[in-house]
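Just need the whole structure built from these sequences, with the hints factored in.
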Amino acid sequence: MTGPDRVRLAELDLEVTLRAIAPSVAWPAAGVSGDGRDLASRVGAWLVATPRPADRRRPAWRPARRAAILALAAVLILAAVAAAVAFGIPGIRLVFGEPPATAPPSAAVAQSPPPGPPGAGLGLGRSVPVDDLGRQAGFAVRLPSDPAIGPPDVAWLDTRGIVTLVWAPTTDLPVTTDPGIGLVMTQFRGGIDQRGLQKTIDIGTDVEPVEVGGNAAYWLSGDVHYFSYTSPTGGFAEDGARWVGDALIWSDRGRTFRLETSLGRDSAIRIAESVE
Amino acid sequence: MKGRPTEDADLIARARAGDVAAYEDLIRRYQDVALRTAYLVCPEIDADDAVQEAFLKAYAALPRFRDGAPIRPWLLRIVANEARNRRRSAGRRAGLAQRAAAASGSAVEPSPEAQVVADETRALLFAAINRLRDEDREVIGARYLVELSEIETAEALGIPRGTVKSRTSRALGRLREALADLEGGRP
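Protein chains in written order, with our numbering: chain A, 15 to 290; chain B, 626 to 812.
Check each hint, because a few of them may be wrong.
[As the list claims (entries may be wrong)] Cβ pair distances, simulated, as ranges:
hint, chain 1, residue 1, chain 2, residue 2, range
1, A, ASP186, B, ILE784, 25 to 35 Å
2, B, GLY783, A, PRO37, 24 to 34 Å
3, A, GLY268, B, GLY783, 25 to 35 Å
4, A, GLY268, B, ARG758, 33 to 43 Å
5, A, GLY227, B, LYS790, 29 to 39 Å
6, B, ILE784, A, ASP52, 24 to 34 Å
7, B, GLY783, A, GLY152, 39 to 49 Å
These aren't lab readings, by the way, just hints derived from the structure by calculation.
For each residue, glycine too, the CB sits at the ideal point set by N, CA and C.
And the structure:
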């Protein structure tokens, strides 16, 4: 057998042969468990046993669904605690999945811009004059120096000292998932949570390690993901969280930044590298 | 495109409206390929458990599924992600295993296709596949063992469609090298 096999192996059409051995793989089978239920039934039983989330279509944020969402969020949070993987960006936790119950409604799926200045209604805090932002925030806020971007239209400051700069859509800043927003840049002082706790639970979101000016950064794209900061006390408060689209996250000189744009990864990095 | 788009769309719509039975039907359509994909990405994990978890996550994400898109690649991506996450803590690498019947060649009659490949050749192929790094094993396995389309392979592995061909080609090259090594060491 050895002789002929050698000849065949040297000459075989690998693609055809691989397809031929596919049935020989010890594939797992969708078996029936001891209680007589197959995989689909087990998933179905789990879903029936918990409040159904099927009507949880944003933007409708229905209190009746909160129990299910809270339960799922708790699972995600526990998973995050258990995994505690540090990617080198302090104060950030990424959760891909359903938002927790305390999340404010997002404008991400609104059909038209909400009333008020860009970012209004997103739970970003109070609006602050850009030229007084540093004094009120307690740290020197950095801005993109790219002339095509210009100064932000609105600056927001929340009670945790997180600054969010918002630009309305322009020809250079196409609309994001928020209809009234062309660019969002969030920044806060690093060290809110020195454990650098992060957890990714993928449901179709890509997390791509990139660099911004030589610093570790992550480009998040694909399915809409849920983003939250850890609280100043290191707890897992979910306030201030919301849904976002593609985003770039990086840290630089004691600051952690998040930039949301529909311009794509490379443009996001260019904008980020212009921050000074 | 594989799958039954019209019927899938109906099941998806009903599942989104809270019809768990419809979602179960959807799972049954794709659970086999989901299990194979999970096993391919990480043979060391409990594929059944990983796929259950993936389907739960998919259900939660269903409102964000793009209407009209094929659901099979989308599901496989979630499954592969789940398996890949578990791989990180799976410990020792086991590699793809042969079915016991195929390995013994006697207990159960192998399929006609499997009979084409002699036992020893098949064993060498498995050994060579398991020598490959994860990235190569995944793309070869997705294309030829699970027989996913290029689009499905791209989705499941999280790579651009245009990369599937080139990565497959390189992986086949490395598989040939692994086979040559193994043949060289054979008595």
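Hint check:
| no. | hint | in the structure |
| --- | --- | --- |
| 1 | ASP186/A - ILE784/B: 25 to 35 Å | holds (31 Å) |
| 2 | GLY783/B - PRO37/A: 24 to 34 Å | holds (27 Å) |
| 3 | GLY268/A - GLY783/B: 25 to 35 Å | holds (33 Å) |
| 4 | GLY268/A - ARG758/B: 33 to 43 Å | holds (38 Å) |
| 5 | GLY227/A - LYS790/B: 29 to 39 Å | holds (35 Å) |
| 6 | ILE784/B - ASP52/A: 24 to 34 Å | holds (32 Å) |
| 7 | GLY783/B - GLY152/A: 39 to 49 Å | holds (40 Å) |
Against the hints set out earlier in the document, no violation occurs for any number.
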